[in-house]
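Engineer: Please arrange chains R, Z and U with the ligands on chain F, whose structure you already have, making use of the hints.
Residue numbers (full-length UniProt numbering), protein chains in the order written: chain F, 1 to 278; chain R, 1 to 278; chain Z, 1 to 315; chain U, 1 to 315.
Source of the hints: derived by calculation from the structure; they are not laboratory data. Mixed in with the good hints there might be a few duds.
As the list claims (entries may be wrong) - Here are the simulated lysine-lysine pairs, DSBU-like style, with alpha carbons at most 35 Å apart:
#1 R/276 / U/297
#2 Z/95 / R/9
#3 F/276 / U/116
#4 R/6 / Z/95
#5 U/254 / R/276
#6 Z/254 / F/19
#7 Z/254 / U/215
#8 Z/241 / Z/297
#9 U/300 / U/241
#10 F/276 / Z/254
#11 R/9 / Z/254
#12 Z/300 / U/215
#13 R/6 / Z/254
#14 Z/215 / U/300
#15 U/95 / F/37
#16 F/276 / Z/241
#17 R/37 / Z/95
#18 U/116 / F/6
#19 U/241 / Z/215
#20 U/254 / F/6
#21 Z/297 / F/276
#22 R/276 / U/300
#23 F/217 / U/215
#24 F/9 / U/254
#25 F/163 / F/19
#26 R/276 / Z/116
#27 Z/215 / Z/254
#28 U/95 / F/9
#29 F/37 / F/163
What follows is each chain in one-letter form.
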Amino acid sequence: MSPINKNAKQVLAPIASNKRVGTYHQIIVNIGDLAQKCKPGNFVAIKVGGENSALVLRRAFAISRVSTSSATGGTMELIVAPGGQGSTWLCDRIEGDLIDIVVPLGTAFGVPTEPVPVLLVGGGYGSAPLFGLAEILNARGSRVDMILGASTSSNIYAPMEGKRAVNTMRIYTEDGSAGQTGRVTDNLYEQIKDLKAAVVYSCGPMSMLSAITTITKALDVVHQCSVEESMACGIGICMTCVLPVQGEDGSVSMLRSCIDGPVMDGSSVSWNQVGKAL
Amino acid sequence: MSPINKNAKQVLAPIASNKRVGTYHQIIVNIGDLAQKCKPGNFVAIKVGGENSALVLRRAFAISRVSTSSATGGTMELIVAPGGQGSTWLCDRIEGDLIDIVVPLGTAFGVPTEPVPVLLVGGGYGSAPLFGLAEILNARGSRVDMILGASTSSNIYAPMEGKRAVNTMRIYTEDGSAGQTGRVTDNLYEQIKDLKAAVVYSCGPMSMLSAITTITKALDVVHQCSVEESMACGIGICMTCVLPVQGEDGSVSMLRSCIDGPVMDGSSVSWNQVGKAL
Amino acid sequence: MTTIDFSTTIGNAWFPAPTFTASGCASSGRELAQFFPLREMGGVVTKSVMSRVRPGRPTPRMAETPSGMLNSIGLQGPGIDAFLAQDIPYLVEQKARVIVSIAGETVEEYSTLARKLRSVSGISAVEVNISCPNVENRGLVFACDPDASRRVIDGVRRTLGGELPIIAKLSPDVTDLVSIARGVVDAGADGLALINTVLGMVINVNTMRPQLGGKTGGLSGPAIRPIAVRAVYQVHAALPKTPILGMGGIANGKDALEMILAGASGVSIGTASFGNPTAIMSIQSELKQMLIDRGFKSLKDAIGYAHRVEEVTNE
Amino acid sequence: MTTIDFSTTIGNAWFPAPTFTASGCASSGRELAQFFPLREMGGVVTKSVMSRVRPGRPTPRMAETPSGMLNSIGLQGPGIDAFLAQDIPYLVEQKARVIVSIAGETVEEYSTLARKLRSVSGISAVEVNISCPNVENRGLVFACDPDASRRVIDGVRRTLGGELPIIAKLSPDVTDLVSIARGVVDAGADGLALINTVLGMVINVNTMRPQLGGKTGGLSGPAIRPIAVRAVYQVHAALPKTPILGMGGIANGKDALEMILAGASGVSIGTASFGNPTAIMSIQSELKQMLIDRGFKSLKDAIGYAHRVEEVTNE
Ligand SMILES: Cc1cc2nc3c(=O)[nH]c(=O)nc-3n(C[C@H](O)[C@H](O)[C@H](O)COP(=O)(O)OP(=O)(O)OC[C@H]3O[C@@H](n4cnc5c(N)ncnc54)[C@H](O)[C@@H]3O)c2cc1C
Ligand SMILES: Cc1cc2nc3c(=O)[nH]c(=O)nc-3n(C[C@H](O)[C@H](O)[C@H](O)COP(=O)(O)OP(=O)(O)OC[C@H]3O[C@@H](n4cnc5c(N)ncnc54)[C@H](O)[C@@H]3O)c2cc1C
Ligand SMILES: Cc1cc2nc3c(=O)[nH]c(=O)nc-3n(C[C@H](O)[C@H](O)[C@H](O)COP(=O)(O)O)c2cc1C
Ligand SMILES: Cc1cc2nc3c(=O)[nH]c(=O)nc-3n(C[C@H](O)[C@H](O)[C@H](O)COP(=O)(O)O)c2cc1C
Ligand code: FES
Ligand code: FES
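Pulled out of the complex, with its shape left as it was, chain F reads as follows (with noise of 0.2 Å):
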């Protein structure tokens, strides 16, 4: 059997509950034994719209933590930004709704084999996975601290339990409603060098993404970057979510940021060849 999606099932899953949190819900989805399959970084593929519905597309959200405790029987929780027709119409499900989803799509975030220290950015719902990643890493025996930024304050989500697994957390607003003003990326190079970070763990915008690559390169470490690309089928059968990649070899061709990402290691994205023709 191909490699590809190895773990991914087509279900009806029930909604187990949704909570508003700033400007985000926080969506829990009772996924059974697939959670067991999902490893921080993974997403998600839900149909959206219901019935008769002119939306023919799925959308894609990263998985931000799964539990597989037996009392829950297994669930996956979502941060969703409602904004457009399909996130606004997931917000608007109800406890035990039936969604249909695949799950789980994409590459994981890899984990260091030894606790090293590691930093964690986000921006925006952004910072969803990092909190699964974090509590893995932080288990496994790392120093965990994360930076969030976002436009203003109710763009951060930061819950309460997911601060936990973390050492330290720095907040930026570009409004400065909360935390420093500014962004992530403002004293990112001092921070690395100060917490001896060995891996920094990214995802958000892909503007933040590339500024992160471009800090983790003048100091050689590792960067891995969950990217997020518009995706017509998150399954690799579409070709739409490309980004231009360079391999061993320097030249650059188009991987798909569904199956080959959407966790890449940042330092091989050509981010300045983004959206652009090769």
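Structural biologist: Using the frame of chain F, we list chains R, Z and U with the ligands on its own:
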């Protein structure tokens, strides 16, 4: 102001109740003062499918009855057969849901100035508007008899309370599962004669209306029928819902069944030209 | 409240707003007047009228399709004389601005129709619907034949003289829309209406025959909007000075803005009015607000804005 | 359980079921194999492959539209040699029936590609995607040019000899689809694939520029189904003996049946697989059941059934 649909309004109206009756749904909608403007035979055009829906056209439904009592604040009753996408969506609405309606539309059944015996003939959900009509005719002193037909018993819509205004009710089913085996037109000629009916009112499939017209013409009895053609707009702007109708001068022209109907003089409809090029 | 110059022009015709009915989607105007005053929109484009009374195609004349519909009306209508006697006076009385749409089966019929319009007052422009079968050429649709298209517009231009603006309404069912557009503009069209419906068909899986009486029908509604936007964008790129009335699936202010940015000077709304009788009014106010939100001082500044040349940025 | 002969043929190629992937909507096949065994459908139509490696168009490459989507992939691919080395062996190993889709920028490139296919085993047919810009003729799409279409198919036919069936894939963006179809059949095509995507555009109302990196894109999905059904119906009426692979917005068994009744011998499923990875499997079983319910003993009896002549009834 133009006389076309002069009372029609587009409003968001709450569903008061939705109850299954046989294969149909009896749906009651709060329409406030608009109920006073609805006459038997009028119809309502309802937006279906909800937000993001791929269904772009309204669906027409005959108004079965209205209530203008101050207790309910004005309601209309619909009898809906869940069939395709739009009607199924409507039947899935629950109490309190708001629906986007345009009401009242189309022509109404003409009520005789004198109390004369009348016969009401309905096929399937076509009986719906006849009950509201029966109440008015009965209140005006007419003797009202009714004949209902359908393929099978569960497709007969004949509510208890509806029967109050009716003198006799005869039922025909094609499979014999209720009433007599056969069609409403089987003994219609004799029944019209026996009842000395001065007007036949009908609503149902086009083939039934056509067959009734043959009989009423032979007996020289007035036949007011409510037709059902595919309607894209329901308000007279698209010209999709036309029927060949003979004018005073004998010439046949294509009239819109949404504004020159749905109630039409059966003898003026050129039934054998329906669906043909003029 | 911020204001904006919301007016638009097509040839020498001025309209206070860029929102119009689409031909054949407002009947004579009376039916919509129940829902809003006709003078509040940019203008009424009337149903394409022919010389003589036309019964149109057999029913069923419509089929709903995903995010769209097919229609096969076959230009049912009362003929030009009855139309001018009954409908125009009503529209004028309502203070509506009127664009009369004409359709013919021969080049000559179009000219005859144009002749009848010359002396009629209260008409702002003539829309020449050339998406009709040419009986003189095996029923080939005029708008699919560059030469026949040109000849129709040329005949109408000569007949009308220079006064009334002519808007040629084109079909998207062609290999090279830009060359058809160029041809009719060369022949004297002041503006273009894009797009007419796309030829389609639905087969009823129960009867296992075509659903429409006329077998094929015209596809309209949001389903075709990307085709319409592309058509307007392509033609505006080639003929930036020619005003375009953009249409095809416009259902809200955002859709109207998309069409304006692509290069339309005004928008026509058809199918959306079937689903929502007051669609034109809400589209109009949403569009105005969206233009204001984006800092436009006038509608005209937004026309074709999506074509602007990329500023060179050095990051 | 009632059974039915569900098989279909295109030229001399036999398929146990009439359901195929649409080119470019199943990548190399491996990705879908996670969701169902590839051999269970009629066949895999591979992504159009060119001579050399192609990076494709810039992102964003897609935009969702009402009941549809635009794509602008630009035929990204590994080139024919890598494709034959990596993808074909996998598909053969999976016991999938394979239709290879080829695309070129010159008439010569198509022939070159065909030559490479001659000696490859495990291929059932070749789909020649001629909806590509012809670099030798101002980038005019081959399928929009009757003469260039014919020359491409003629070249492929000569190169392949008589063995592998050739399916010419046409674009609906033409004035006269039937004449293009006739031309390629005369030039040696055994079958036709209808339809490729319809050219469209979306403008982002925030950036106020075209949404796609490539500006225009191809419209697919249920929105275009009425156009596809019409295309298949028209071409089947003109060329009743030519097998057609029908596609465009097929999302369930009913849609597939509609296409078969219109005249398709098989159906390809593209966009529906994006929304539902197992779409092809459910379409296949729904279609089979609907045919049985309607009393068909074999799929072949249903092909083009909507064209049957009206029995004369005397009512
Ligand atoms: C790998 C991945 C992970 C994601 N994780 C999250 C998450 O955890 N929380 C969350 O709220 N959103 C997430 N998104 C974005 C999400 O998939 C939707 O795109 C977003 O919710 C907007 O969809 P919409 O239907 O509301 O908007 P619409 O405007 O209706 O969307 C139209 C189309 O554009 C695409 N699109 C719009 N915005 C984006 C975007 N930002 N990125 C990619 N495609 C877009 C949509 O997918 C859709 O196909 C993720 C996207 C990807 C690719
Ligand atoms: C004047 C009038 C009164 C009606 N009254 C009733 C009523 O009281 N109760 C009731 O259940 N239905 C009634 N109908 C039929 C109703 O409008 C819907 O057409 C029917 O419910 C099927 O719609 P759908 O969305 O479920 O089917 P779909 O298959 O999704 O409909 C597709 C399209 O075909 C049209 N269509 C399908 N069936 C019919 C039909 N039988 N007549 C006309 N158009 C059709 C639909 O309106 C729609 O545009 C009436 C129709 C008209 C014109
Ligand atoms: C029911 C109907 C009737 C139409 N009649 C005409 C017509 O008479 N003349 C014409 O030029 N276009 C006619 N059209 C095409 C519309 O004017 C318009 O070009 C097309 O529907 C696309 O716009 P829409 O998607 O907003 O409806 C008709 C469209 C519909 C749906
Ligand atoms: C993302 C995408 C990629 C496509 N790539 C190709 C291709 O490489 N070659 C080709 O002939 N058609 C290609 N097509 C067109 C499809 O094969 C098909 O003709 C069209 O999408 C209509 O079918 P659908 O509505 O089921 O998707 C592509 C379509 C899509 C959506
Ligand atoms: S989203 Fe389709 S290949 Fe990645
Ligand atoms: S339904 Fe549109 S005119 Fe009657």
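Engineer: With reference to the structure, classify each hint as holding or not holding.
Structural biologist: Going down the list of hints, with the structure as the test:
1. R/276 / U/297: Holds, at about 33 Å.
2. Z/95 / R/9: holds, 23 Å
3. F/276 / U/116: holds, 32 Å
4. R/6 / Z/95: Holds: residue 6 of chain R and residue 95 of chain Z sit about 20 Å apart, inside 35 Å.
5. U/254 / R/276: holds, 27 Å
6. Z/254 / F/19: This hinted pair holds, its Cα atoms lying about 30 Å apart.
7. Z/254 / U/215: The hint holds at about 19 Å.
8. Z/241 / Z/297: Given that 35 Å is the threshold and the Cα spacing comes to 20 Å, the pair holds.
9. U/300 / U/241: holds, 12 Å
10. F/276 / Z/254: holds, 27 Å
11. R/9 / Z/254: Cα-Cα ~25 Å, so holds.
12. Z/300 / U/215: Roughly 23 Å between the alpha carbons, so the hint for residue 300 of chain Z and residue 215 of chain U holds.
13. R/6 / Z/254: holds, 31 Å
14. Z/215 / U/300: holds, 23 Å
15. U/95 / F/37: holds, 29 Å
16. F/276 / Z/241: At roughly 31 Å apart (the allowed maximum being 35 Å), residue 241 of chain Z and residue 276 of chain F satisfy the hint.
17. R/37 / Z/95: Roughly 29 Å separates the two Cα atoms, so the pair holds.
18. U/116 / F/6: holds, 32 Å
19. U/241 / Z/215: Given that 35 Å is the threshold and the Cα spacing comes to 21 Å, the pair holds.
20. U/254 / F/6: holds, 31 Å
21. Z/297 / F/276: holds, 33 Å
22. R/276 / U/300: With Cα atoms ~31 Å apart, residue 276 of chain R and residue 300 of chain U stay inside 35 Å; holds.
23. F/217 / U/215: holds, 33 Å
24. F/9 / U/254: Between residue 9 of chain F and residue 254 of chain U the Cα gap is close to 25 Å, so the pair holds against 35 Å.
25. F/163 / F/19: holds, 19 Å
26. R/276 / Z/116: With Cα atoms ~32 Å apart, residue 276 of chain R and residue 116 of chain Z stay inside 35 Å; holds.
27. Z/215 / Z/254: This hinted pair holds, its Cα atoms lying about 34 Å apart.
28. U/95 / F/9: Holds. Residue 95 of chain U to residue 9 of chain F sits at ~23 Å (cutoff 35 Å).
29. F/37 / F/163: holds, 24 Å
In summary, the structure agrees with every hint in the numbered list given earlier.
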